[in-house]
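Participant: Listed here are the chains, written in short residue letters.
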Amino acid sequence: METIINKYQDQVYHFKGLWDIPSICGLKIVNKKENTIVIATDLFEENPGTSITEWNTKLAKELCDKFEIDYRKLIYIEHTPDKKTKLSFNLESFYKVNFQILNDKFENPKWEEMSKEEVNNLITE
Amino acid sequence: MKFQLVFPKWRKLEGQTTFNLPPHGAIVFAATIPDYVEVEFIDENLEEMRFDDDVDFVGISMLLTTQVKRGWAIADEYRKRGKKVIFGGISTMLHAEETMLHADAVFLGEAEGHMEQVFKDFRNGELKKVYNHMNDLPPIEIVGPARRELYKRDLYYHKGVQMVDLFHASRGCKYSCYPCAVSYLGGRQFRPRPIDKVVEDLATIDNNRLFIVDNSLAQDTQWEKDLFKAMIPFKKKWMSHTIEDKPEVLDLAAQAGAWYVYQAVFDTSDYIKERVKRYHDYGIGVEGTILLGLDNQTEDDIKRLVDFLLEIDLDLAEFTVLAPFPHTKAYSDLIKQDRIFNKNWDDYNAGQVVYHPKHMTAERLQEMYQYAWDTFYKDETQEEKMFKLLKSVVSREVEDGTFRKRRQDLSKTSFGKDVKHKIA
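Protein chains in written order, with numbering that gives the first Met the number 0: chain A, 0 to 124; chain B, 0 to 423.
This is chain A alone, in the form it adopts within the complex (with noise of 0.2 Å):
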């Protein structure tokens, strides 16, 4: 399996996903003073199991207790590559998911794109 690091992505994380299926996605963390920012990066054929997508109220309670992530800090960012096909749905694409949080338990989850340079910003400030 060749997964690429990059610039949004330091490793390759590993969790459990629908109906146990081992699945991986790409991971960022990034600790600034004021915030969290965590970058899922879905890694398409390459991931076995279930998508950063359907399972991100799951992956990012998950991520927050594992690495020591106040809730309240976090800003938590779905990336999904470029597939580099000609189709426009294959782009490059960010989108910063917000939960809510409620008795511990992430719900609710509703997405609003972000730009690359959003992000960039964000993650070199």
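What the hints contain is simulated information worked out from the structure, not anything from laboratory work.
Just so you know, not all the hints are guaranteed correct.
No farther apart than 30 Å at their CA atoms in a straight line, the calculated lysine-lysine pairs in the DSS-like style are these [to be verified]:
no. : chain 1 : residue 1 : chain 2 : residue 2
1   : A       : 83        : B       : 335
2   : B       : 335       : A       : 95
3   : B       : 342       : A       : 109
4   : A       : 104       : B       : 151
5   : A       : 15        : B       : 127
Following the hints, put chain B in place on chain A, whose structure we already have.
Facilitator: Only chain B this time, still in chain A's reference frame:
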């Protein structure tokens, strides 16, 4: 023990020719059931339900998203009568959590090697709510011949002409296409069946015409060639999804009885035009499958695409609109963008727009879908084009001595029902 295996009906698309093909997944599943179980199969598309039959256990096999609500309603009826119900099949996996609300058990994954345990649990009153084998696919070698004797064969005739039998030579797909859920269904790896197993299965099929339902045969050239070589002696004629268009593959496919293949047409490129021509050069027909409503399509693109289809001499075309089935990238993208406005699974039939397209309104896409069908079949109807394809296969069958005459005793029925003659 009596097990009633049900394939629920669904609402057919309006204005299109409907053919009821014998369901495949259910009888492949049936082959995994222990020998001591007596299985009866009901295809609700062609038969009435019999909720009060004296059966011990009920299985509901669901293939399509547009089938699930009916499957759930059927389960509710059986369970009201105290019968235990287990669900399985592709759309059970796509809609597992919702299905659990109507089930005593759901089976997720491929059934081979697991049914002894399920039926043992049933007999011991220890049926589990979920049999999760999504991550535990069986070795492809143990997939045996489907139980075709369970079909009520006479139902699958239209005016005396037998419908094709469905057949599979492989599972999985190494591609992960935008609207497709195969990768979620455990299919990221192409798993070809050993050729001797394919031959064993083929030998059980008393039908000279087949539909090879594999996602794509174009995934391993050597296996594909071996498959076609092994099929030649059977002299069956068949349709399938994509096959490779290399000359040596097409030559073997033609010898093996390739009748026509489905070809996705997603743009107006020379690549598609030449590919269609290559199939035709080997006497293989082409049915274009055209998905409308993708984010890169404008109204003008759709119009240009339809004009192109008419230019490239396709034998048939099937238009669909994008249906964002759960567990696909299409679904994820549209959910993120809050563009899905209809979550009634009955409407996920690939003929009804359930989301806001990018470059037009949902209503306009619905009109463009109709425009595509109407324009492509303006000069020659779908029935006329189908008849041409049928004629081509009949000629080949007559030549090689495999032609079967129309069954006279069923010439006035269509899928088990009397044909009504219009009186002028």
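Participant: With reference to the structure, classify each hint as holding or not holding.
Facilitator: Each hint tested on the structure:
1. A/83 <-> B/335: 21 Å, holds
2. B/335 <-> A/95: 10 Å, holds
3. B/342 <-> A/109: Since the Cα atoms of residue 342 of chain B and residue 109 of chain A sit roughly 17 Å apart, the hinted pair holds (cutoff 30 Å).
4. A/104 <-> B/151: 51 Å, violated
5. A/15 <-> B/127: 21 Å, holds
Checked against the numbered hints given earlier, the structure breaks only hint 4 and satisfies all the rest.
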